[in-house]
Amino acid sequence: MMRRLFEPATVEEQAPAGKVVTYALLALWSLVVLVPLYWVLITSFKGPGEVDNGPFYIPFVDFTPSLEAWDFMLLQNYTLGPYLNSVVVALASTLLAVLIGSLAAYALVRIRFQAKLAGVAVFLILLVAVIIAVATFGVQWEVAVAVAGALFLISLLTFVGRTRLALGNSDVEFWIISNRIMPPIVAVLPIYVMFQQLRLLDTQVALIATYTAVNLPIVVWLTRDFFAGIPLDLEESAEIDGASKFRVFFTIALPLVRSGLVATFLLVLILAWNEYLLALFLSNAKAQTMPVLVSAQNTTRGPQWWNMSVLIVVMIAPVVVIASVLQKHIARGLLVGAVKG
Amino acid sequence: MRVTLSQIHKSFGAVQVVKGLDLTIQDGEFLVLLGPSGCGKTTALRMVAGLESVTSGRILIGERDVTNVLPKYRDVAMVFQSYALYPHMTVAENIAYPLKLRKVPPAERDAAVRGAAAKVHLEEFLDRYPRQLSGGQRQRVALARAMVRRPSVFLMDEPLSNLDAKLRGHMRSELKRLQAELGVTTIYVTHDQVEAMTLAHRVAIMNKGVVQQIATPREIYEDPANLFVAGFIGSPPMNFLQGSLSGGTFAFGEGRFAVGVEGDRRNVTAGIRPEDCTVTSPSNGRISARVYSIELMGDHTLVTCQIGQEYLTVKADKLAQYAMDEPIGITFKDAAVFLFDSESGERIRSRARVDAMA
Ligand SMILES: Nc1ncnc2c1ncn2[C@@H]1O[C@H](COP(=O)(O)OP(=O)(O)OP(=O)(O)O)[C@@H](O)[C@H]1O
Ligand SMILES: [Mg+2]
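Just so you know, the sequences run in chain order S and C. Everything in the first sequence is counted per numbering that gives the first Met the number 0, starting at 0 for the first residue and increasing by one. Everything in the second sequence is counted per numbering that gives the first Met the number 0, starting at 0 for the first residue and increasing by one.
Hint data in this document are derived by calculation from the structure and do not stem from the laboratory.
The calculated label-pair distances, taken between Cβ atoms and stated as ranges, are:
hint, chain 1, residue 1, chain 2, residue 2, range
1, C, Leu-69, S, Leu-199, 35 to 43 Å
2, C, Gly-12, S, Leu-166, 18 to 26 Å
3, C, Val-68, S, Ile-130, 43 to 51 Å
Quick look at which bits of chain C chain S covers, simulated, 3 or more residues with Cβ under 8 Å:
hint, segment
4, 68-75
5, 88-101
Far from chain S by the CB rule (all over 10 Å, computed), these chain C residues:
hint, residue
6, Gln-15
7, Asp-109
8, Asn-225
9, Ser-245
10, Phe-256
11, Arg-285
12, Ile-293
13, Leu-311
14, Pro-326
15, Asp-340
16, Ser-341
None of the values given here were measured: they were computed from a predicted structure. Every residue gets a Cβ at the ideal spot worked out from N, C-alpha and C, and that includes glycine.
Extracted from the complex, chain S is given alone in its bound form (with noise of 0.2 Å):
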């Protein structure tokens, strides 16, 4: 009778126990995740009174919902600016992080690469040549990156070529998850000076390079493995059927890792619209974002808790519709029938 708990009636499925088990953790974690989701809910249709008589939370039992914050952020305030910024900054900075990253990730599984280390370091020192000498020095930029490449250029004739030490594709690899390891404040004061001398601060330009470039190593490593999957056979038949590479990457690698594909977008889309640090510094107010703007509603009153939900609400209303949507793309089983019998 014990043992009928603990086992399962068929291989398929899970014994008696560990079901009763599995549900009770799955229902806990739903109500771990649904009660500040429906938090939320309830308060974008609270007044100051509510919530600060509070706690209440049935509607029409407990309080009365009315739609006043609604009325004030979405119609008095100007919210659809910060809104369209968001949409734009995400969705450009998502598909370019996309494009560019995969691209990168095909090349690094199918294409050996071997960057002399001697070729980087002379390309490092000149680059701080440059900078040294174009900063302080007063040069003019045209003429020392001129005289710099002719110096590498000179470089990768002569000795660099001669010398063995390598950076293969897994030093490249590292070194762009690398770029990932530093903390993204450490990061944000050179980029803020850099789009301060560029004159592109507080624009969507700005944020969109900003949030590729962040974005990418994660594209990178994502991606690689779905591309590592690919039977090597499938893309050396479409190059001798007459493809190429940019060919067979975009008919036969990219349709074939799509599930995977549409997985990265829909986490860096998320990463990019939530994102808030970089925001908050290279934008102000024409490109606003909505996580910058959310948090502006902890004014000097006090957190505004109702407008902020009525905020949240929005932003989260797109990403449940693209996610659901999306989520009939990552399926599976779509190299079956490659190979093999």
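Given the coordinates of chain S, assemble chain C with the ligands onto it according to the supplied hints.
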């Protein structure tokens, strides 16, 4: 189109995989590259396709030197062992892919796809995906995709090895017929000697990256160039006896018999095919032996005979009945005996035979 490989070498790092391959495949010829696993057949084929660079040597397709030409400019079509169908495309899209890349207009493309599909009896499956097909059907899609654009050369890497025995036999005859109809030069890689013998105009036998013999299937079977070829071709394999040659007689551990070859030398291997031997009474045999075991194979019986330390298999009639350890004699014709130098593996030919062939 004619394909010429001259002095092809290929190394992966320090490992030499192909060593000095010289091959000329005539226009319209069906050449089979045959050899044991790991001998470099696939590597050789991939070099012709351009998927692998050569370490040294030259490859010509027709008059054109393609040694350093990308695969897509070589105008070859390849059928992979794994078929390599594009899983996200229907059968029709798979077959049309090479044409699409060549910007063939849609109407013409559709006609060509239908034609190719009809050749391999796939008309009803054009709208299916590869995952909805059986192994044999997938294999036919791969074939259709290869022939749809009439390449200069077909390359096939063990295309039948994933099929069951019956289907393999069927596809073998289909393939032979298709190749004859299309008249496209074909290089076909396999380690299955039956495939090689049945399909090929000529067979090139490879071992350890070196071609051992290039000849018609009949010649390979009847006149093997060396010990390796003799042992590789034939099922059950040729019997080998180690011994020495003196005064026209081959002597080994427990016996001796006359051979039509003069000369005195040690370290000689004599080879006799099981089907060239017959079992007779002990007094009539050229070798006397004992029955070690007998196996009924259906249409014939394999009798393994023991001669001292050596064993010799005889292909006998299906009705043959012998008791274990029964003393018997084995007889064979002079011409059925092949002699080889045990060390180099080279064939030792009789003067008369060499003269006759010259
Ligand atoms: N990319 C590679 N790197 C290193 N060694 C390789 C590579 N490809 C093949 N080899 C080696 O070359 C040898 C020949 O390989 P190849 O695939 O040509 O054999 P094959 O004759 O086709 O064998 P099989 O009948 O098993 O397919 C093998 O020993 C293999 O280990
Ligand atoms: Mg092989």
